[in-house]
Amino acid sequence: MRNLDKILAIVWKDLLTEVRSRELVVGMLVFAMLTIVTFNFAFDLTGVERAPSGAGALWVAFIFASLLGLGRAVALERDKGSFDGLLLAPVDRGMIYLGKLLGNVIFIVAVQLVTIPVFGALYDLPVYQPMLFVVLFLGTLGIAGLGTLFSVMAASTRAREVMLPVLLFPVALPVVISTVRATTLILTDRTDALMQWVNLLAAFDVIFLTIAFLVFDRVVED
Amino acid sequence: MSPGGRFGNSPTGLALAISAGVTMIIALYMMFLYAPQDSVQGPVQRVFYLHLPMAWIAYLAFFIVFVASIAYLIKRNRRWDQVARSSAEVGLVFTTLVIITGSLWGRPIWGTFWEWDARLTTTLILWFIYLGYFMIRAYVSDQERAMRYAAVVGIIGFIDVPIIHMSVRWWRTLHPEPIVTQSGGPAMPDSMLYTMGVALLAFTLFFVYLMYQKMLLEQTKDELSDYNLAEADRQADAAEGVTA
Amino acid sequence: MTVSMPEHAPEAVDRGGIPRILASGVTKRYERRTVLRDIDIDIDAGESVVLFGPNGAGKTTLLRVLSTLTRPQKGSLRINGLESEADAIVVRGQIGVLAHQPYVYDSLTARENLQFFGRMFEVDNAPARIDQVLADVELLDRADDQVGTFSRGMLQRIALARAILHQPSILLFDEPDTGLDVASVKVLERILAEHRESSGSLLMTTHDLAFGIRVATRVLIMVGGRIVRDCPSSDVTADEVESIMGAPGA
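Residue numbers (our numbering), protein chains in the order written: chain C, 1 to 222; chain W, 1 to 244; chain B, 1 to 250.
Simulated from the structure, these hints should not be mistaken for lab results.
Some clues are possibly wrong.
[As the list claims (entries may be wrong)] Okay, derived cross-link-like pairs now, EDC-like style, lysine to aspartate or glutamate, Cα gap no bigger than 16 Å in a straight line: (1) W:Lys75 to B:Asp106; (2) W:Lys221 to W:Glu144; (3) B:Lys186 to B:Asp106; (4) W:Lys75 to C:Asp217; (5) B:Lys74 to B:Asp40; (6) C:Lys80 to B:Asp106; (7) W:Lys221 to B:Asp208; (8) B:Lys74 to W:Glu89; (9) B:Lys74 to B:Glu85; (10) B:Lys186 to B:Asp208; (11) B:Lys74 to W:Asp226; (12) B:Lys74 to C:Asp217; (13) B:Lys74 to B:Asp38; (14) W:Lys221 to W:Glu89; (15) W:Lys75 to C:Glu161.
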């Protein structure tokens, strides 16, 4: 599969760049940690009701960190005009979208994998549960799926820092609701209604990844 | 195109204006004088005859944005973008009215201006999505790029509606339901149903009229910018001494 | 031009009668300006064409249109006989673009950059080919340094290596000589000569009129979004080009 190799080439390139420059993940991580610590003072995260508030704080931290990373990733890609270089490659531009998306997902998941244990320790919540990681992945895929598309769009507007959250937040609301609810249910060990949220997340991902894949070509043309 | 002749006094525009105006007067008469007083909610229930048709128009408008956006991305014909942006603007205005009438109605019924009810919340989120639709248009300097980006938002935004609604409804079940969910239901008397029917018709005709006028306006705007562009080109030629 | 072209992709071979680049009626508008107005271009295999014009004449936009990055509002464009929009993916594999920006990644080494683009452009036997182009642009000794440490001239050479990596039959070069020292210009000229010998086509812009006329077989002059002159390079001198462009100095 030549398309697969090209997607992987983009991911390899983004990972290698990140390993060398550490411009994305470190910043996102510090930001996510700070958000969680700050939320402790905004809400009571020590009482019995700490699971729902904690789940909310966790996802707000991840979404803001994702916004930061998505915006920065596009800026890096445009730095030496290299995004045009990518667009010149003989490949369906949907594949370029998938490559960039996969890289973004890896970066956000990396941030989550470090943040989660710290979060669990700070608020004494049972975070080591397989379903939590399923929800994290599906939620991240949804945020990054639309975020990758919108960040490319926002980058060619006059108000790029503003446009990304303005576009992403309302559209991604179902992801926020589902992930926060699902995380709360997992942390409080109530798995009865969990699957409906997981299904909603999966449906969201499938629908919007497909649309983004299809429209990406129209978004990047000049 | 005689100047000014496009607007208002074209036969189609006039026919639409008269039919929308007449039905609207009948609808207003029916909702305030013909329909009976609601035994539980009292006079405030009458806002329902405005609220529901406005919500219908808002969603209809965004559906048209959705279809026109797909058509624009495929055909790249500016006409489709004119349809989309006209409809989006009408939709955004009606969404605002839906939220206002909804919370005015909610105040005496729920006791608060706002309840995180699934319908009202979805409408609010929709309002933000289409605000983004106009913001991205405003912040992209190249017209064609703005049209493409707006089309993407128009497609994604509309497809998101049922998903948002479902997620808010499920989330809502964890909170106490509003005391009175919605008026009517199967128990609604016929006179109320007739009133609602006429109100829906009146608002739909009004919407068609608004769309008609708005599209003429957008078309004219585009023609004007074409003209300005051609004029700028002519001047550039003159300055460079090139004969076209 | 029916020379066989062993170096190039099979699609490009045996297309003797078909021009490499055939554009007609290309018009591109941006927000407040028509940048390209009804451009017709016809470039054959083995032709080296230089495009002169004052700043803002539309040279860069024209190259972007030909490279499939920019979509014109009007006009048709065929590359190696393929319809440029419908067959964009195949077309992109047959052109090599050198733009104002080098299109490389700072934190990757020269070799890694080429490895990446080699995968994107489906270059066969990539390691050997990468060594070859690195030698061509005289960067072998810096192959494993990150390009973020490169000077302007070296960046231009790695960009050149990237542009020719997949042995495209058409080169679209936008001011390839900027930032190059005398030795590097020699490298560029040698690469362009080799490209022409293997029946490759070239369309490039430059502000160095003497360099352009020396390298090219044909001269195009663009003013205000139109091509105002099209002639063999032997028919014009730098002074004439300058007077047609109406702009002082290059």
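**OP:** Below or equal to 16 Å on CA atoms is what counts here, so check Lys74 (chain B) against Glu89 (chain W).
**Re:** violated (30 Å)
Original post:
Between Lys80 (chain C) and Asp106 (chain B), does the CA-CA distance stay at or below 16 Å?
Top reply: holds (8 Å)
Subject >> Distance restraint between Lys74 (chain B) and Asp217 (chain C), which requires alpha-carbon spacing of 16 Å or less >> reply: At roughly 19 Å apart (the allowed maximum being 16 Å), Asp217 (chain C) and Lys74 (chain B) break the hint.
Subject >> Straight-line alpha-carbon gap Lys221 (chain W) to Glu144 (chain W), limit 16 Å >> reply: Roughly 14 Å between the alpha carbons, so the hint for Lys221 (chain W) and Glu144 (chain W) holds.
Subject >> 16 Å limit on alpha-carbon distance, applied to hinted pair Lys74 (chain B) and Asp38 (chain B) >> reply: holds (8 Å)
Original post:
Within 16 Å, alpha carbon to alpha carbon, are Lys75 (chain W) and Asp217 (chain C)?
Top reply: holds (14 Å)
Original post:
If you draw a straight line from the CA of Lys75 (chain W) to the CA of Asp106 (chain B), is it 16 Å or shorter?
Top reply: Outside the cut-off at roughly 39 Å; violated.
Original post:
Is Lys75 (chain W) within 16 Å of Glu161 (chain C), Cα to Cα?
Top reply: Not OK: Lys75 (chain W) and Glu161 (chain C) at ~31 Å, beyond 16 Å, violated.
**OP:** Would you mind confirming whether the straight-line C-alpha gap from Lys74 (chain B) to Glu85 (chain B) stays at or under 16 Å?
**Re:** holds (12 Å)
Original post:
Given the hint that Lys221 (chain W) pairs with Asp208 (chain B), does the C-alpha gap stay at or below 16 Å?
Top reply: At roughly 43 Å apart (the allowed maximum being 16 Å), Asp208 (chain B) and Lys221 (chain W) break the hint.
Original post:
Can the restraint linking Lys74 (chain B) and Asp40 (chain B) be considered satisfied, given a maximum Cα separation of 16 Å?
Top reply: holds (12 Å)
Original post:
Are the Cα positions of Lys74 (chain B) and Asp226 (chain W) separated by 16 Å at most?
Top reply: holds (15 Å)
This entry does not satisfy hints 1, 3, 7, 8, 12, 15, going by the numbered hints stated previously.
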